[in-house]
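*Asks:* Listed below are the residues making up each chain.
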Amino acid sequence: MFGLNKKDSALLLLVAILTMLAPFILNPFPSDSGLAQFNAGYPDLMQRFVIFGIFAIGFNILFGLTGYLSFGHAAFLGVGSYSAVWMFKLLSMNIIPAIVLSVAIAGLFALVIGYVSLRRTGIYFSILTLAFAQMSFALAYSVLTPITNGETGLQLSLDDPRILDSANTSGSLPVTSLFGLEMRSSFDLVVGPWSFTFSVGYYICAIAMLLAFYLSIRIFRSPFGMMLRAIKSNQQRLNYTGLNPKPYTLAAFVISGMYAGLAGGLLASMDPLAGAERMQWTASGEVVLMTILGGVGTLIGPVLGAGLIKYFENIFSKINDTVLHGWFGILPDGIEDFLVSIIHPFVGKGWHLTLGIIFMLVVTFLPGGLVEGGQRIARLFRSKKKTDGADAAKTEPAE
Amino acid sequence: MDAIILQILNGLDKGSAYALIALGLTLIFGTLGVVNFAHGALFMIGAFCAVFVQRLLNLSFETVDPSKTDFLGQPLKVKTPYVESWFGPDVGATIIDWSVPLAVLFCIPVMVLIGFVMERGLIKHFYKREHADQILVTFGLAIVLQEVIKAFYGANPIQTPAPETLSGVATLAGGIVYPVWRIVYFCFAAVIIGGVFAFLQFTTFGMVVRAGMADRETVGLLGINIDRRFTVMFGIAAAVAGLAGVMYGPINAPNYHMGMDFLVLSFVVVVVGGMGSLPGAVAAGFLLGILESFASTTWATTTIPGINQIIIYLVAIIILLTRPRGLLGKKGVME
Amino acid sequence: MGILEVKGVNKRFGGLQALGDVNLSVKENSVHAIIGPNGAGKSTLLNCLVGKLIPDTGSVMFDGQSVLGRKPHEINQMGISRVFQTPEIFGDLTVMENMMIPCFASRDGAFRMHAVENMMAEKDIVERAEKMLEDMNMADKRHMHSASMSRGDKRRLEIGMCLAQEPKLLLLDEPTAGMARADTNNTIDLLKQISDERDITIAIIEHDMHVVFSLANRITVLAQGTPLVEDDPENIKGNPKVREAYLGETA
Numbered sequence: 001m002f003g004l005n006k007k008d009s010a011l012l013l014l015v016a017i018l019t020m021l022a023p024f025i026l027n028p029f030p031s032d033s034g035l036a037q038f039n040a041g042y043p044d045l046m047q048r049f050v051i052f053g054i055f056a057i058g059f060n061i062l063f064g065l066t067g068y069l070s071f072g073h074a075a076f077l078g079v080g081s082y083s084a085v086w087m088f089k090l091l092s093m094n095i096i097p098a099i100v101l102s103v104a105i106a107g108l109f110a111l112v113i114g115y116v117s118l119r120r121t122g123i124y125f126s127i128l129t130l131a132f133a134q135m136s137f138a139l140a141y142s143v144l145t146p147i148t149n150g151e152t153g154l155q156l157s158l159d160d161p162r163i164l165d166s167a168n169t170s171g172s173l174p175v176t177s178l179f180g181l182e183m184r185s186s187f188d189l190v191v192g193p194w195s196f197t198f199s200v201g202y203y204i205c206a207i208a209m210l211l212a213f214y215l216s217i218r219i220f221r222s223p224f225g226m227m228l229r230a231i232k233s234n235q236q237r238l239n240y241t242g243l244n245p246k247p248y249t250l251a252a253f254v255i256s257g258m259y260a261g262l263a264g265g266l267l268a269s270m271d272p273l274a275g276a277e278r279m280q281w282t283a284s285g286e287v288v289l290m291t292i293l294g295g296v297g298t299l300i301g302p303v304l305g306a307g308l309i310k311y312f313e314n315i316f317s318k319i320n321d322t323v324l325h326g327w328f329g330i331l332p333d334g335i336e337d338f339l340v341s342i343i344h345p346f347v348g349k350g351w352h353l354t355l356g357i358i359f360m361l362v363v364t365f366l367p368g369g370l371v372e373g374g375q376r377i378a379r380l381f382r383s384k385k386k387t388d389g390a391d392a393a394k395t396e397p398a399e
Numbered sequence: 001m002d003a004i005i006l007q008i009l010n011g012l013d014k015g016s017a018y019a020l021i022a023l024g025l026t027l028i029f030g031t032l033g034v035v036n037f038a039h040g041a042l043f044m045i046g047a048f049c050a051v052f053v054q055r056l057l058n059l060s061f062e063t064v065d066p067s068k069t070d071f072l073g074q075p076l077k078v079k080t081p082y083v084e085s086w087f088g089p090d091v092g093a094t095i096i097d098w099s100v101p102l103a104v105l106f107c108i109p110v111m112v113l114i115g116f117v118m119e120r121g122l123i124k125h126f127y128k129r130e131h132a133d134q135i136l137v138t139f140g141l142a143i144v145l146q147e148v149i150k151a152f153y154g155a156n157p158i159q160t161p162a163p164e165t166l167s168g169v170a171t172l173a174g175g176i177v178y179p180v181w182r183i184v185y186f187c188f189a190a191v192i193i194g195g196v197f198a199f200l201q202f203t204t205f206g207m208v209v210r211a212g213m214a215d216r217e218t219v220g221l222l223g224i225n226i227d228r229r230f231t232v233m234f235g236i237a238a239a240v241a242g243l244a245g246v247m248y249g250p251i252n253a254p255n256y257h258m259g260m261d262f263l264v265l266s267f268v269v270v271v272v273g274g275m276g277s278l279p280g281a282v283a284a285g286f287l288l289g290i291l292e293s294f295a296s297t298t299w300a301t302t303t304i305p306g307i308n309q310i311i312i313y314l315v316a317i318i319i320l321l322t323r324p325r326g327l328l329g330k331k332g333v334m335e
Numbered sequence: 001m002g003i004l005e006v007k008g009v010n011k012r013f014g015g016l017q018a019l020g021d022v023n024l025s026v027k028e029n030s031v032h033a034i035i036g037p038n039g040a041g042k043s044t045l046l047n048c049l050v051g052k053l054i055p056d057t058g059s060v061m062f063d064g065q066s067v068l069g070r071k072p073h074e075i076n077q078m079g080i081s082r083v084f085q086t087p088e089i090f091g092d093l094t095v096m097e098n099m100m101i102p103c104f105a106s107r108d109g110a111f112r113m114h115a116v117e118n119m120m121a122e123k124d125i126v127e128r129a130e131k132m133l134e135d136m137n138m139a140d141k142r143h144m145h146s147a148s149m150s151r152g153d154k155r156r157l158e159i160g161m162c163l164a165q166e167p168k169l170l171l172l173d174e175p176t177a178g179m180a181r182a183d184t185n186n187t188i189d190l191l192k193q194i195s196d197e198r199d200i201t202i203a204i205i206e207h208d209m210h211v212v213f214s215l216a217n218r219i220t221v222l223a224q225g226t227p228l229v230e231d232d233p234e235n236i237k238g239n240p241k242v243r244e245a246y247l248g249e250t251a
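Chains as they are written, first to last, in UniProt numbering: chain A, 1 to 399; chain B, 1 to 335; chain C, 1 to 251.
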């Protein structure tokens, strides 16, 4: 299918089904039940899942394949957001030109920063990208205020020119759309106690992510992708095989920068504002976390990681003491208070602590992330089957 | 001329902090070959040692003073810190006033211990892994440490004032007015840096460590248990970072993310100075601190807007591209 | 006029004269061994040939063109392939992928974006790589993770990867260092077979005299950075100067 082999097609199909049915899958609890707060099927969060999925897929093309650890990728996401918002201000509220521009500008930025940073490898490369990103952040925050609107962040205003759109007479800010189809319009489906929301914005983002995911599979399976893995494996041999690693890494860097730009453009398309904090190095650290947690160098890993972290960020952080007391209410008071005080630092505002611990455990014991974990479990089951005398499945290379 | 001296002085305190953190980073990198992204967190923990000691000394008991009344006419409740009741009000108040310098004594064993635990418990397992893995796991650790501190002390900065006698300003030769504590901080940093260098230069322990930095395998072959020495080195590096933090409190009120802020800059410092070069780290720390202070002058910011925000990164990028080994870096380190 | 002409090459590292006025001529289709005691400058010379080091003075001509100032990958594209002392292969890749990379390199040059087509759909590359694996007797290992092979197999793969580019000159840096006897003999047989069957020049740096005298038809002895003597193997064996320099014996 689409020039993919059977296994990759199956994977793509699976991801497609999951993203298309996400409003159902992520809303398993009836809306009036106590567990409804764990539902993640509302448009804002689902959009974040897929947008950060795109960001992580792109980052994985660079880090997963070439092994170059960039600590400045958020800069490209930020640049993408700013470009998109400017497009909304100047040209039109249609998201197509905005996204095209954000991808192009982010690619251009990545070309310049990558060209300079890739003259060094290893930790030096990481620090160079970090320095560039922090520089962009500092500039966006202060000096470039005419372009970025500094601390406040770039927003739409009523008197923006928007030369392609008809004059705005409503007196309220226009909304982003795709040829008239508004991003924030949605449709609610109520089935018994359940309520499912289908939002235009989410489906636009989901389709973008599927395309991005498909392209990343093609890159992984292409000769270009093989060269990138060869760069990670042994640059010396590559050099002495008559190949020049530099343009390959630069191309990977630019591609992943463009993915980040796409993510930034989509973020702005869903909510047309852009702030400097999107470029801060902690934001770059977040995409590293996502990729590692899911499984670096694997196809599906970054998407999983992005989804997981964004879910935690939104849902885990909502668990406060009241919720905890509700859970353990059946237990005797002493034990209840004890359990709550034990769990308290790890949830709610402290969810970053949980994230940090999980991340350390993953890096230490499961360098392949969740995907490796899944494979290990699968292998466990397979070897059990084997002893039962069933067909032994041969272990597949990392996906 | 005075303006120039003033800017140099202004750069010294930040430069001292950069130099101390970078020194520890370089010690760890040079001896253990590990890139420690959690080093900023150690700096931050050091600063919170001061907070801890300050709170400890301020632990009080309440007594009711029947001779006085508050504005509601109730008998006045008086809080007396335990130290004041033990040592008398004057000595007790002085002890509380000097809580930051006292925290230094508390900080050293705590930081050494944290360093030992970190090295034995975590870093040890990453010697043979890729640098990227080391960066990642210490990055995770940094998040954890900073969140733990946040859980205990909250997200707001906590003031840790300097002792009153050291908190004023001094008028230096040439009429320059300058905060006393910054001079103290600089001298303190100079003593620690001198101490570390003397330790490496004049003790057999230091000699072995320096030899280990130059060629780890050979020293290992000589039958010297280099690993244990490296553990000690990690403890020392942690203590240096902690000391830098403890004394920095009066300059900048400790908050839980100060480590991350300093970490990024300290890494830049290490790279500019030359990965694995101790003198390079110290020199680059002061150099960048002073450069930053010059870039913050009105003259500089009006000539090139925003230069104060980006000068360090700009310098780092230029240095990395023209002198990849940094100012004083040695050949063969991380190439 | 040889395929590789080294004239008056000098290289200093600080106070150390690593190479002093080296002249060397490797004839086309010969197997030329460069031997010498430790520190004689063999590796320095090799690094000057492949672009890793640039000599202070002198010239290195390959096939009528100077290699000096070119980057390693450019020199490789001129037709010089290098086999390393410890096998340098792409350990994370499968054997087949390892073999495909030089095939791509010789077909497409130093860089070409093939970012969307499937690599297994490149029929000519796949065929070439498979043919080469068969020549190397490794066809059965093609799906193996190359890092998990034995050292002998890694060496075989590395040589195969170099040959897949159809180079004019194959440079080998102590190809049997650290190998068991059986692996050493296998490697000797493989190299013999290559030089007999293919239109290729081989230059080999070696410590092991057994390997040198089984393969070489021309030998240069290097001592303290200068060529002592260049001659046929029979004459080298009996040469007293060589014995003195190499074995430390007084003749």
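By construction, these hints were calculated from the structure, which means they are not laboratory data. All C-beta atoms, glycine included, are put in the ideal place defined by N, C-alpha and C. Where hints are given, some of them may not hold.
Said to hold, decoys possible - With a straight-line cut-off of 16 Å between C-alpha atoms, the simulated EDC-like cross-links for lysine to aspartate or glutamate are:
(1) C:K52 <-> C:D231
(2) A:K89 <-> A:D271
(3) A:K232 <-> B:E130
(4) A:K246 <-> C:E74
(5) B:K68 <-> B:D90
(6) A:K232 <-> B:D133
(7) C:K27 <-> C:E244
(8) C:K168 <-> C:D56
(9) A:K232 <-> C:E74
As the list claims (entries may be wrong) - Okay, the calculated beta carbon distance ranges per label pair:
(10) B:H125 <-> C:S59: 46 to 56 Å
(11) C:F13 <-> B:T322: 36 to 46 Å
(12) B:A214 <-> A:I315: 43 to 53 Å
(13) C:R181 <-> B:G194: 42 to 52 Å
(14) B:F202 <-> C:F13: 25 to 35 Å
(15) C:Q17 <-> B:A198: 44 to 54 Å
(16) B:H125 <-> C:F13: 33 to 43 Å
(17) A:L173 <-> B:F61: 38 to 48 Å
What the hints assert, rightly or not - Chain B regions said to be covered by chain A (calculated; three or more residues, Cβ under 8 Å):
(18) 100-108
(19) 147-153
*Asks:* Are there three or more residues in the region 100-108 of chain B whose C-beta lies closer than 8 Å to some C-beta of chain A?
*Replies:* violated (count 0)
*Asks:* Holds or violated: are the alpha carbons of K168 (chain C) and D56 (chain C) at most 16 Å from each other?
*Replies:* violated, 26 Å
*Asks:* Could you grab the alpha-carbon distance between K89 (chain A) and D271 (chain A) and see if it respects the 16 Å cut-off?
*Replies:* This hinted pair holds, its Cα atoms lying about 13 Å apart.
*Asks:* Using the beta carbons of H125 (chain B) and S59 (chain C), state whether their distance is inside 46 to 56 Å or not.
*Replies:* Holds - the Cβ-Cβ distance for H125 (chain B) and S59 (chain C), about 52 Å, lies within 46 to 56 Å.
*Asks:* Look at the Cβ atoms of F202 (chain B) and F13 (chain C) and judge whether their distance stays inside 25 to 35 Å.
*Replies:* holds, 32 Å
*Asks:* At the C-beta level, are H125 (chain B) and F13 (chain C) separated by a distance inside 33 to 43 Å?
*Replies:* holds, 38 Å
*Asks:* Can you take a look at whether the region 147-153 of chain B is actually covered by chain A? Rule is 3+ residues, C-beta closer than 8 Å.
*Replies:* holds (count 4)
*Asks:* Given the hinted pair K232 (chain A) and E74 (chain C), is their Cα-Cα distance within 16 Å?
*Replies:* With a Cα-Cα distance of about 21 Å, the restraint between K232 (chain A) and E74 (chain C) is violated, given a limit of 16 Å.
*Asks:* Check whether the Cα positions of K52 (chain C) and D231 (chain C) lie no farther apart than 16 Å.
*Replies:* Distance ~28 Å between K52 (chain C) and D231 (chain C) Cα, so the pair is violated.
*Asks:* Can you tell me whether the CB distance of F13 (chain C) to T322 (chain B) sits inside 36 to 46 Å?
*Replies:* violated, 23 Å
*Asks:* Tell me if the straight-line CA distance from K246 (chain A) to E74 (chain C) falls inside 16 Å.
*Replies:* holds, 13 Å
*Asks:* K68 (chain B) and D90 (chain B) were given as a pair; does the straight-line alpha-carbon distance stay at or below 16 Å?
*Replies:* violated, 21 Å
Consistency note: the structure conflicts with the earlier hints numbered 1, 5, 7, 8, 9, 11, 13, 15, 17 and 18.
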